[in-house]
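Fit the two chains together into the complex; they arrive one by one in their own frames, and the hints show the way.
Residue numbers (the numbering used here), protein chains in the order written: chain A, -11 to 514; chain B, 1324 to 1601.
One should not assume that every hint holds.
Here are some chain B residues pointing at chain A (derived, C-beta under 8 angstroms) [as the list claims (entries may be wrong)]:
no. : residue
1   : Tyr1367
2   : Leu1370
3   : Gly1539
4   : Pro1544
5   : Pro1545
6   : Ala1557
7   : Asn1559
No lab work stands behind these hints: they were computed from the structure. Everything numeric in this text was worked out from a predicted model, so none of it was measured. Note that CB positions come from ideal geometry on N, CA and C, so glycine has one too.
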Amino acid sequence: MGKIKLGRSRFAAVAGAVALVSSSLILQTTSSNAASGKILVIDSEFNHKTLDPQREFEDGGNMMDRAIYDTLLTFKGSDASRPVPSLALSYKANADSTVFTFKLRKSARFSDGTKLTSADVVYSLDRLKNIQGNPSSLMAGLTATATDPYTVVITADQPDTAVPVKVAGPEFGVVNSKLVAAHGGYALVGAVTKDKAENYLNTTSAGSGPYMLSKFSLTTEVDLVVNPKYWGPKPGYSKIVIRNVTQAVQALDVQKGVANIAIDLSPKQVDSLTGVNVTAGVSTTVFFLYSNANPQISAVTSDPNFQNAVRYALDYKALTTFAGKGSIQAAGIIPSAFQGALKPADATKQDIALAKADLAKTAYKGEPIGLRYWGGGAWEGISFDDFATVISSQLAAVGINLKLQPTPVGDALTTYRNGTDTMGLWFWGPDWPDSSNYSQNFGPGEKVGLRAGWATNAAVTKVINAVAIESNPAKRASLYRQFQLDLNQNSPFVPLIQSPAILVSTKSVIGIASNPIWKVNLTELK
Amino acid sequence: MKRNPDSPWRQPLAVIGVTILAIWVLVAIFAPLIAPSNPIAQNYPELLPPNAHNWFGTDSVGRDILSRVIYGARITLPLSIMLVILAMIVGTVIGAIAGYFGGWVDATLMRLTDVVLAFPGIILAMAVAAALGAELRNAVFAVVLVAWPTYARLVRGLILSSKNADYVTSSRLLGASTTRALFVDLRPNISGPVFVLAALEAGNGMLLLSGLSFLGLGARPPSAEWGAMVSAGANNFDKWWIAVFPGLAILTAVLAFNFLGDALRDILDPRTAKALRE
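Excised from the complex, chain B in its bound form (with noise of 0.2 angstroms):
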């Protein structure tokens, strides 16, 4: 913010994406207040369409899906950030050791991560989840196992690129241990580039655990989860609105997850930040 005061929060695609997630968090905050029913009582008539009463109808239970909707966004967000913190923490100290070590430890972990990476995210996600059994919090599980190695990858090239210069090797010289080293003298120059990535992996990360919900390996039922409830449209797909709203909320909040990784790139890379001054 500091390094460019305004320009990027001008860009309109920034603006609505924060506002799109502040008013999802908002939601997932004042849930019991705002839903206009209990998300798991079968209160309704099942599958009834969207009416003045039930604004995104019932599903085969007589649940109002609205209210279900609503509840969802206290599942499926937090867990997508808690899951996209864990991936950068694990990928973060994995690409440092590597990055910095060198030698042996960097081929290990490396080849590590492309044995994980060689593997389509979902497969292996899936792999994961439905050995450890299907519980919500084994599919956030597995989706940090299959989501660290692109921090890994990144934070070792930045470490790789700037262990050596200058500054590095004369606080070296100066008696520095290599904790400092890392913490405080590499960390800043990393710390930039990792956020963006979580920023655009927290969209892909809240796909993946929809996805595994949608496979029946992650939410349980009667618990409302955005990708489980897909899933129960997917077996009436004739009635449209079981899938429809829940499919909205993951594509709003993904997408605005999408536009605030690239926001907070345009702010936080010194070239397209100097792009934008310019």
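This is chain A alone, in the form it adopts within the complex (with noise of 0.2 angstroms):
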């Protein structure tokens, strides 16, 4: 073992000597810089569209535009369930969770200076609403007014209990509503077509968080430096460089100190590292399988009895062994850190006789049933060529024979939202961090269940009708639970394991948390 290492840590030093010569100009930038102790390099897969808070949908975008932008709660560390103040200082809901008010801060600046009042957050909120970006459905249904300079409400059509942990979301980042205008934005009805900011939100901010843009890129690197008139403590670097570097690059820049934080890496490459700090999380990011519930597609697929023999001749431990530390089995649709998440116990387990006995009332005589994957991609550090191979072998195990459709991203996307592939292996991460979110999509006639072929079923549709109403914490889980059950039980999907979310940091790094929302965030690092 004693040689086998040797020779590894060659290796990596080899490659690694090849990867700093290739990227020498960083390299001379952030060592430099890194002497002065005020300099973080981020190593991250890039996969943000935008950094106009109101636009932007991704957890790369999110991690920047948490540094960037104040929301008037927000969350520490890992939680991202139980908001705490940020611009609003306290906030009430009336007894039916139909109005939330708001009391904002009186000590909030944004970086140019201006005072941050209700106008600027009820400017952004509408923005929000009405530019109807790929987040604009979180304002769907919500209402907000400003009472008095320092007072903001929100009202929704229908109780919303999620409101508080909606407006924590970076895409309420509240921006500087008198800049953003004078250079194009619109916040009103129309602003689809009028709005004209989100270039000028990719080049300059306009927040009042504690750094500031100051280098733009969707390919390249990110650069943010500290907002010098932030109106709370002074962040820990002055200045925050965040670089799109690939997965087995990040693990050797963060082993050599090149960067500080890795993002992206899984638990296997983590194994081969020494001296760096580990910070490991669950996500809230479930990796999902689906037989195509709709006939028309496939009459094997559509059949429940197939759906059953693939959810129970399933091994879910292998899973979560082959997606590495830190992974578990996905319960149920809903990941476990929301209200209503089924408890392990609740979880299908494997079961080879029935998964044999359901496939023997089926048609199915042995032919190969398409599985359509992002070929290639990894997400969260699981591959998923891998994944599809493992679960291919699984099923084979009970007669079921895969045929593997690696894709790429993009044509994968479209055969999946079309809805005209036989199975699929997909991941759900949360558009807003909250239950109402899995039975809003997952539901027959959803967006997802619609993916998966899966039209109509009254009694799912008769829970997903209750709970949207309810507004009893308690009453709203049982009613998640029963929700997920029932997916569990009569529907396409296979919810089949958590990843882990781990991010990998050099001992420097003080104060950092994985969170599901913005991964890492880039305020609480010292």
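Structural data, given as structure tokens:
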């Protein structure tokens, strides 16, 4: 073993040297800056599409915008369910969760020195609602008004207990309304065509957070510098450099100290690193498998007996072993951190005999069934090619013959969204950190339900409708559990695993926590 | 062989090339007998470094890499040979038609050849493979599409230089058809160089095919294709054994094809053969 280890580290050293030489320019800037102790370098696989807070909807954009813009409420550390004060010092909800009143702090200022008032909050929330960007659905049914310069009221058409967690999302980041309006911003109805502020917000930030945007790119590097006029305590770094780096190189960088934090490493990649801090959490990403319930797509996969055969054939323990340390079986489609999540005991268990019996009830004769997935893709360290390979060998054991269809992500998303794939392997990360995100998407006739060809199921729809108007937390939790138990027995979906969320950092980084919404809160780092 | 019975085969490189290729062909034929494990069964712990049991280690889902490299010979070798034969046939036919008939036929076909040659091979092959869908069959087709112009150019040149030779003219005067002129009179003179080119191109074809699989445009998982295996290693490049062994397999096979091509050229090309004799 000693010899093998030597060989491996020597190989890593050689590979590292190659990477260092090839990126010597970056290395020079980072290492000279690292000496001052004020610069933080982060390696991440970029997935942000914009940094306009009312348009961004990816966790990469969340991470950056969380540091630039403040929200009414926020989350601390790894938590994503108990909002704490930020711009709002306190809030009150009425009994049926339709009116939320937020009291703003008076000390908050934007980076240009102007005071942040309720008008800026209302402008930002109106803009979120009206520009019809990816996250606009978060404001559906909600209306923001200002009753005085430091009071904001959010009214919901229907009871919506998720409002406090929704407003903690970076999509609700408060922009400097005068500045944004002066640069093409428009917040009222019609903003879908009239708002032209996205480019401005991708070059200059207009927030009140501890950092400001100083360099923007979708493909190479995003830089943040400290906001000298920040109203709160001074953040830990004077500059944060976020670079777009592939997983394998992230491992080398953080090992060598070229980067301070690696965001996207898998448990297996982390195993071979030494002298670094590893912060593990369970992510809220749920990987799931579906068998299309639409008989026009496949007579086989639409048979509930086939769907059950798939469900019981899978070896969930082996799947979590595959996904690595820190991953858990997804007991239901709602991740473990949220209200109404199923307990591990409720999770589907492997039962080969049952799977074979269910399969025998179908007309299936061993013909290959296509399983579509993101070929060459990896999410939170889990390779889709490998995951699909493991699943296919498990299903082969009961006689289900999968034809793997790795497909470039754009094409795969198209057929997935069109609902034309016989089977699919995908994941779902919450749009907002609340169980309602799942009942509103995974039900029959809902967005993801239709992708899996699942059009109707009266019993499940009844539960979804009941939970939508229920404001009592205990009753909501019970309804969410019912919804998921139904899904686990009587739907095309098979929840598989929740992936581990791992942050690897050098010893110099203090205060790091893995958060499901923004991965890491840059403002908490010292 | 007849022309020059012994000297080329005394070249050590030629012998090495043929030996390596013969070994790979045997490995491919007898894969089920040699391989210690099923190439797609996930029988072992993941990411084991090479050890007494798994000589080449295991990959990220616990498959024995030695077995996968052995079975990979069954995919990569026959496909490389097949695509070379296809490209050779297509290129030779087009080149022969262009060269023999000349005029607008020649101009049209050669401009088409120029268009294909103007693209970097891997880019055109990627575009074709991506458009047709990621499957090994389509990747082979894409490589053939990229590879044929080299043959067409060569064959056209050979035909041009010999179609007006006295023996062809006299054959035509005796009433021989175009087909006969092409296949009986001219073919022997062009087959030698074409075979040399084919042997040299086999290595390129294999590289291109592996390259497409590496990019995810060729073999589908879980099939054990060498290029795809190297690609899996790129995701874990601190685990050197995942990519190195299939990479060595590609290296040795391509090298062998090149050595063989060199040897064939020495035998079939009258000038080098003469030089060797003297």
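Hints and how they fare:
{"no.": "1", "hint": "Tyr1367", "verdict": "violated (13 angstroms)"}
{"no.": "2", "hint": "Leu1370", "verdict": "holds (6 angstroms)"}
{"no.": "3", "hint": "Gly1539", "verdict": "holds (4 angstroms)"}
{"no.": "4", "hint": "Pro1544", "verdict": "holds (5 angstroms)"}
{"no.": "5", "hint": "Pro1545", "verdict": "holds (5 angstroms)"}
{"no.": "6", "hint": "Ala1557", "verdict": "holds (7 angstroms)"}
{"no.": "7", "hint": "Asn1559", "verdict": "holds (7 angstroms)"}
The structure does not agree with numbered hint 1 stated previously, though it agrees with all others.
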